[in-house]
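Chain order of the listed sequences is D and Y. For the first sequence, our numbering begins at 1 and goes up steadily by one. For the second sequence, our numbering begins at 1001 and goes up steadily by one.
Don't read these hints as lab results, they were simulated from the structure. Note that beta-carbon positions come from the ideal geometry of N, C-alpha and C, so glycine has one too. Do not take every clue at face value.
[Unchecked claim] Per label pair, the in silico range of CB-to-CB distance:
(1) G1074/Y x S313/D: 40 to 48 Å
(2) G392/D x E1073/Y: 29 to 37 Å
(3) R329/D x S1076/Y: 20 to 28 Å
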Amino acid sequence: MRLWGGRGRLRHERLQTILTIAALATAVALPVVLLSVGGGVSAHELNDLENAGYQIVVSAGGYHGIANAHRIAGQILAIPSVTAASPVLSVAIDAFLGTGQAVPSLAEGVIPEEFLPTLGPTESGLFPSPLPLGDPTDAVHFDNGTYDGPATNDVMVSSPLAQEYHLAAGDTLLLGPSSNESQAVRYNLTGTFGVPLGELGQTGGFALLLPLSSLQAMTGLSSGPGVPVVDAADTIEVSVGGSVATNPSQLDHVQQEVQGVVPYDSVSTLSQEAEQLQSASSVLTGFYLALSSVGITVGLVFLTLVMLRRVESDHRSIGIRRAIGVPGRLVVGGVLVEGATLAALGAVGGVVVGYLLVEALATWSTGAVQEAASLAEFVPLTLAELTLAILGLSLLAGALAARAALRLDLAESLR
Amino acid sequence: MSGTSVPRVELRGVERTYESGKADEVRALRGVDLVVESGEVVSIEGPSGCGKTSLLNLLGLLDTPTRGEVLWEGESVGGRTDRERARLRLERVGFIFQRFYLLPTLTARENVELPMRALRTPRAERRHRADELLREVGLAGREGAFPHQLSGGEEQRVAVARALANRPGLLLADEPTGELDTANTDAILALLEQVQRDRQATLLLVTHNPAVAGRARRHVRMQDGRISSDVREA
Chain D
1 MRLWGGRGRL RHERLQTILT IAALATAVAL PVVLLSVGGG VSAHELNDLE
51 NAGYQIVVSA GGYHGIANAH RIAGQILAIP SVTAASPVLS VAIDAFLGTG
101 QAVPSLAEGV IPEEFLPTLG PTESGLFPSP LPLGDPTDAV HFDNGTYDGP
151 ATNDVMVSSP LAQEYHLAAG DTLLLGPSSN ESQAVRYNLT GTFGVPLGEL
201 GQTGGFALLL PLSSLQAMTG LSSGPGVPVV DAADTIEVSV GGSVATNPSQ
251 LDHVQQEVQG VVPYDSVSTL SQEAEQLQSA SSVLTGFYLA LSSVGITVGL
301 VFLTLVMLRR VESDHRSIGI RRAIGVPGRL VVGGVLVEGA TLAALGAVGG
351 VVVGYLLVEA LATWSTGAVQ EAASLAEFVP LTLAELTLAI LGLSLLAGAL
401 AARAALRLDL AESLR
Chain Y
1001 MSGTSVPRVE LRGVERTYES GKADEVRALR GVDLVVESGE VVSIEGPSGC
1051 GKTSLLNLLG LLDTPTRGEV LWEGESVGGR TDRERARLRL ERVGFIFQRF
1101 YLLPTLTARE NVELPMRALR TPRAERRHRA DELLREVGLA GREGAFPHQL
1151 SGGEEQRVAV ARALANRPGL LLADEPTGEL DTANTDAILA LLEQVQRDRQ
1201 ATLLLVTHNP AVAGRARRHV RMQDGRISSD VREA
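So that you can see chain D by itself, here it is in the shape it has in the complex (with noise of 0.2 Å):
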């Protein structure tokens, strides 16, 4: 629009442009990177849950999480209609490889013929098949509760760890739940496992997969002289067979006899997981613009500022138009281009830079900040509406300066 001045009037006023556009293109890079990130990661976690091949899942708060995790197990085992209960207890512990540090490790603690069955098919890809950890229903070294039977030691690593300590089955490893070598024992590596791909390639995860039982007797979640039995896991997965996985309604009526083992613990579908996740992850959503709306709002009060600034150090222009007879409404619309090509440039702006961030997230950062970078998904229409926005609210800043600019006195701005 060169009757207000258009580009030539954006490149007159280069170094004030440059401001604006970078102002507007920090404060739309925060949403961005945000939104994209977040989305991501809810997205992911999402995808996990569909994927997953187990339909209920029994939680408990507290320390120990669900106790009694074996028998409670085989009580919802002896459900019609469902084909595995899986326990599953993750605590972080100390590998000694012969480095001579410790190196932390996510450990978790399953019953071997139980654990497969709730894998979904990405996954069980991931593990052989049956796993080789001997004692594949636990209850040998479980012994009905006593941990009196003999210990099989087994473990496998995740390949991560296998390559990065040069691990392979037949190896013995030390593992204990801290980081004193003393309190170690002695582990048969029997094999590796896999871990999902993520955009980077494998992710860095050091895990290690062993019995139940070992892992609660190493841990100190088990009985011991004089202990009381606490066999504690932190959830049970529990996967059903036939048409019931799919049928809702069956689903909820096998959900409720579950509920009926574990009456003080929480038994879910993993379709009221999705929900509860889809409804967090709106609250995130909301509370990523909330706070991004704080970086917009002053990112287009200071638009707002420049354009008032533009009109006044050029109302002499503006004068000299309206008295040649340009139309007021062009005059206007000059101004409103003109705050909406500077909105525009920043929101596109900031877009890149929200993208090269994310980016450099994921190549450059580490641990969950990398990954959660790496997860980040940027969709078009979330972008696309964003940057409607923002030059929707830049309008309402050009407005304020199309007003300032009608309400120029013609005679006094042409002296």
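The hints should help you fit chain Y onto chain D, whose structure is shown.
Frame of chain D; chain Y shown alone:
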């Protein structure tokens, strides 16, 4: 009151007071009566602050009187909306200012095209006309120059070309040579005279320079917001 004909403009009992009712109230015009016939060349003379520019602004519909009437072709324009007044200015008035007032971000050609763009003249036509006008004012070959690349005389020539863009019948020039040297002053005045003659336009020249005023055939002198004399040359 339509088309691009040369209007007869008239002020009747016009007063213009700035900051009316306030302590720093300024009475720029005090009961001015003036009729300018079509095709006249009129100089408005007088010392600084006597109301010359205020009078010109009222005639050119840039301002409205505090009291009295402005008439174009015998018809009051007081009741016209801002949009209608802007339309009249666009189609029928050409303004030339002392400080040229070219738009710095536009080239000479774009400055000349500006009024035609506002009138939605087709691109090819307005470009052709802008180049023709620039050639007419002696700036052929300088169409792409920005104002800061032009001399003062050249800038005022562009301003004249811009004022003529929509073929106005009324040319209002406020100290058009106030910032020019003698050579450029003569050139611009000659140009305005030629334009006025060729187009039979009405030309009002605000000036306190006797040499400029001498080019007019009617001399309106102002003093303290009033017309103190109005002399037509034989």
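Quick rundown of the hints versus the structure:
In this structure the supplied range 40 to 48 Å holds for G1074/Y paired with S313/D, their Cβ-Cβ distance being about 42 Å. For the pair G392/D and E1073/Y, the beta carbons lie near 46 Å from each other, so the given range of 29 to 37 Å is not met. The given range of 20 to 28 Å is respected by R329/D and S1076/Y, whose C-beta atoms sit roughly 25 Å from each other.
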